[in-house]
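So the sequences go chain by chain: A and B. Going by the working numbering, the first residue of the first sequence is number 1, and it counts up by one from there. Going by the working numbering, the first residue of the second sequence is number 1, and it counts up by one from there.
No lab work stands behind these hints: they were computed from the structure. What you were told as hints is all true, and nothing was included just to trick you.
Stretch-level coverage of chain B by chain A, calculated; a stretch enters the list once three of its residues show a Cβ under 8 Å from a Cβ in chain A:
1) 38-47
2) 57-64
3) 210-221
Restraint ranges, calculated between C-beta atoms of paired labels, are given here:
4) A:A43 to B:R251: 39 to 49 Å
5) B:A41 to A:D18: 48 to 58 Å
6) A:L13 to B:G93: 13 to 23 Å
7) A:P139 to B:Y14: 15 to 25 Å
Computed from the model, here is a short list of chain A residues facing chain B with C-beta under 8 Å:
8) L13
9) P17
10) Y20
11) V24
12) S28
13) A29
14) E42
15) Y57
16) Q58
17) S62
18) N79
19) S167
20) K170
21) L180
22) L184
All C-beta atoms, glycine included, are put in the ideal place defined by N, C-alpha and C.
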Amino acid sequence: MDLNDHSAIRAVLDGNPDAYRAVVVRHSAALFRVAFRITGNEADADEVVQEAFLRGYQRLGSFQFQSSFRTWIYRIAVNCSFDCVQRRSFELADQTVGTAEGDRRPRTELADSSGGPERTLLNEELGQMQSMAMRALTPLERTAFLLRHVEGQSTVEIGAALDIGPSAVKQAVFRAVQKLRQRLGSLRGSI
Amino acid sequence: MNHFSQEQWIGYLYDEDGGSEIRAHLQSCAECAAFADRLAADKALLDRLAVDVPAREADYTDRVWRSLASQLQPYPSRRRGFFVSWKLVFGLGLAAVAVVLATVAFYSGRLWEKKQDRDAALVDHGPATAQGRENIIVFVLDDHLDRSQRLLAELDDADRAAKDPELRKKAQELLAANRLYRVTTEQAQAQKMAGRDGAHEDDSLRMMLDDLEPVLVELANQPSAPDRRQIVRLRDNMRTNGLLFEIHILRAQERPSTTAHAPEADHAALRNEGKA
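So that you can see chain B by itself, here it is in the shape it has in the complex:
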């Protein structure tokens, strides 16, 4: 019978907490003493099997750096002097405004019909500006999520993905958009938090965009078209199936919000019928 847990034995073996209790017990328990001897012999065996690691040359780290440096793509600069950062912020701002205006123009006919109902809902749910902006962001993002979902689903079939000559290009385009949406989502969330006295907000959308980015970076930065084995390794290492599921859930959660106003819409329709 073993009088101690696995954790306690490891604490004893590596001289961590719990070891003193076992040492005291070994004085009076032959069974545990035999087990302790066996464990010590195992550890000694593993120590003796330790392989001599060959020494590296004096310039080893320089050599490693030289071969790495040419492969490193710079991350987008967040802080490179007033003039450059001003241009970057201005450019991002213009791009964000253009995307928002295009989406608002596309949905303006449908939104105008429900204007009265949306105003009433916004009064109940807090600052109108932040909520309205978030709804627009969700509409715009849905296309990006849809394209990302398709790309991840494509990786599931490694043979097919390896034959797609546009795979890297798709990843590069999605990566540029993903970085823009991350910035926009963070800004919208910050404004919403400011108006809600720090109340907890669901940041699953931002987290999903954060998780999606490394996958897109990995695909976009492949030096050549990835083969089947590279795609399988990417898929397994990045757990793209889990990310695919996350996007699916996120899109499914956002869809019911577009129908949440249905009861109010029914009431509005009844009111309009009454006025006719």
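One chain only, chain A, in its complex shape:
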């Protein structure tokens, strides 16, 4: 069954849960990308994808058909990702046994090791640093920045998704860039 997003959602709301498969197939990759960028961890990203689609299914009754499902489910995935990061930080804080020198970063299991072990470690570090820096942003700044800088959506599209004007989107992205620079600026020149 080849359904566009809105048709699939209408079919689900009409009592056909299998129609949800169409949106899962279409958006899994994008959700995994954003989840991985925030969590820095493949296993967590997989878990976030599952949780985001499940939450999206449960809230389909409140979906506004004037907006894009892609951005709607994307926003859910961003929130799930940060919930996951927060959950992991609580779990790590509770652990009494870590790795050497208090290094308690979660281990990354990458199926694709073609980048080599140094690149793997660097990706893990970058992911964690970026994740920590992103926490300095407000939810609006985080979402606006990810949609603009990472996913390449226009400010008009982002404004429609977040129900704010294009000016507010640009201001949020500007503040995000500034805050991220302050947090990550020490790395300039070393990467």
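Starting from the known structure of chain A, fit chain B onto it as the hints suggest.
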């Protein structure tokens, strides 16, 4: 001094509208040119920090779907063939009639005493049938709103809510009722709109029922009794405090309408005294 707003700088940075104006200005302003260079360096830093996203297996989407499919509860069918939909509509209709008759029977003694005053008020306010039905719906809904309000208030104390073994069951019962009331409210509103030439109607009740439903769905579909952390996350994500306030306001707004006839009731009482 910065000659451009934040919006304009982002337009320039991402090559959107407003960028050409800045590009032209940079030719003659060293300060802005330095700022532009700094912004570009920030963007480049963020680009270099972009993490390589590992590739997924070819059957990744199938894997995601397989693990999801078993957890998806079907939404109530609105259109599944003539015979099934006829049964569903008939069943809903019977249930709605039973609820309305029960409420009318319960309040019939009090309504009979004010019958003359209500007839006069209905003549002034438009089609009697639609208005009367809405008043009955408000009476019936008040119990549902009261129970929903209690459930939402319970979520405010996450520790207590986590210890309530009946929490999911309450949510499931409220969810079934909420879906019925949504249908009934929409029908009543549609009839009222038809009699008012499309004049704007306050649909805050319908919207509140729409907002309440996802919360009840989330609670009712928990695979097991939710723990404290899950309740806190549900409460924060669904903004149940805002919904609680919305219900409180709605119930408070409906209460004055039951006393709106008080002046007429006083007049009726005086007339009856005069006849005695």
